[in-house]
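Undergrad: With the hints as a guide, bring both chains together as one complex.
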Amino acid sequence: MNATPLARHLLRARDLVDSRYPDPLDLEALARAAHVSPRHFSRSFRQTFGETPHQYLLTRRIERARYLLRTTDMQVAQVCLEVGFNSVGSFTSTFRRHVGASPTEYRRENGGPSEADRVPLCFVKAWTRLPGDGAFREDSAPAGD
Amino acid sequence: MLDAVSHVGVWVHDQDAAKEFYTEKLGFEVRQDNTLPEFGNYRWLTVGPPGQPDVSIILSIPGPPAVDAETAELLLKLMARGALGPGIIRTGDCRKTCAELEARGVELAQQPDERFYGIDAAVRDPSGNEWRIVQPIEYDIEAVKQQRSSG
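The listed protein sequences correspond, in order, to chains A and B. What the first sequence shows, in the numbering used here, is residues 2 to 146, in sequence order. What the second sequence shows, in the numbering used here, is residues 24 to 174, in sequence order.
Be a bit skeptical, because a hint or two may be false.
[As the list claims (entries may be wrong)] Listed next, the in silico DSSO-like pairs over lysine-lysine satisfying Cα-Cα at most 27 Å (straight line):
id	chain 1	residue 1	chain 2	residue 2
1	A	K126	B	K48
2	B	K48	B	K119
3	B	K48	B	K100
4	A	K126	B	K119
5	A	K126	B	K100
6	B	K100	B	K42
7	B	K42	B	K119
[Said to hold, decoys possible] Selected chain A positions facing chain B (in silico; Cβ < 10 Å):
id	residue
8	L12
9	D16
10	T49
11	T53
12	V77
13	A127
14	W128
15	R130
16	L131
No wet-lab data here; the hints were simulated from the structure. A quick note: this is a predicted structure, and the numbers were derived from the prediction, not measured. Don't be surprised by glycine CBs; every beta carbon is placed ideally from N, CA and C.
For reference, chain B alone in the conformation it holds in the complex (with noise of 0.2 Å):
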């Protein structure tokens, strides 16, 4: 059985830009930051938000040996491009939040937009990954389409 997701990676073209940025604008905490010789001196570089302390998001850099110099130039390309997918980030408040991300020179990539599950807006980081900040509405679909239709 399955329980948990524990660890998610984010490919980053640098690896000090992008612990400045999560941690220093995200607000979220460094669980791991250690370069290992065995490894090449690869930097096992991991964040996570403090509230929910058992999901850390491994920063890595695209290159060898993990990946042919090949791969890692479309990983940094395509990460340029925002093209590598987004992650959703939930917050209680979608306006303040982004009100303290902006009030920490955070650019939003997108300004809170109403939709119907809730109140969403979008950052990047130094690297051009996006992350969707969304704060969730519970709803009732076919409640509403009643209401409107008897409306």
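Isolated chain A, as found in the complex (with noise of 0.2 Å):
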């Protein structure tokens, strides 16, 4: 019998955010959910997941929120509220700095469903994954945009 190691607790944390994105996430949650500190969640998340818990919530987010976009006629503002965002200007800039693109662009470019859409959602959440430490800024806590 083998004890349960650190990654097994830290990836339940990493399965709530992608099961509670659109939730107002704190890090004491997370770090609850993986039985560690705070102090010590966010660095351990980070070695072993290769990004900080708030980059993999918003990469969540903004996975989701391409989604919307491409398959539904849900307004923008609509749709950064759907997936966990407060404000739209947050929103755009990032969903701009991840994508490439601002939302409207992004549907424009790429509206309707297409045969990326047959793709499971684990592989899509897995290949849409900006590589390295991305784009994202790391706010002081992983709540919030």
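TA: In structure tokens form, the structure reads like this:
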């Protein structure tokens, strides 16, 4: 019998982000899910998964936003709220940093479902992440935007 | 000619915990559970969904002599990180299945999420392996595109 490694606990916190990305998740809640202190959590998460909890949360939200922009007629402001951002301004700037286009431009260029939408979500999440440190700046806490 | 996939191997860190999860939580059946003295007490443990008797999942712990200690350690790390790649299990009703799984104490790694191809949720086994629970939806992309452009 092997003791549960820290990474498995951290994975539980990452899963929490995947499940509850629209919610205002804070560092304490994520650390609690991983059974580690908030201070230890952030550093360990980055060491284990190569990005901070905040970056992971943002990429999950942006992935969902891209999906909604492609496959629904939802207004951009509605998409923004739906995926957990509080303001259209920060949603748009974060979206642009990640995708290289504004939400409206992205929809214009990619509107309508495509073969990409047949690919299961787990692969979409994995392959739409930014390599390395990505374009996201880490705020002081993983919540918010 | 190749006929069918019959067995798929999944590394786990603990076969007892895995057996409990796949049978008592996911509702799979044990196909074989034999400890083999002639293979240094290797435990051949296979499970599968009751409705699909021709496909079995082999649950093994990585270690010597099958893989060297260093590789085994690496595999254990990768599975704990959820990095070994997901499997997909089909269901006729994702939300209902997830409610049943949660009632059995399974923690969903992702709540049911509506995607274009269907409704998609996820669970992990105790080792960190991800299984997607997918209720597929048949659709015609071109028809949907036409409908959207005309609407």
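Undergrad: Which of the listed hints are not met by the structure?
TA: The structure breaks hints 11, 12, 14, 15, 16; every other hint is satisfied.
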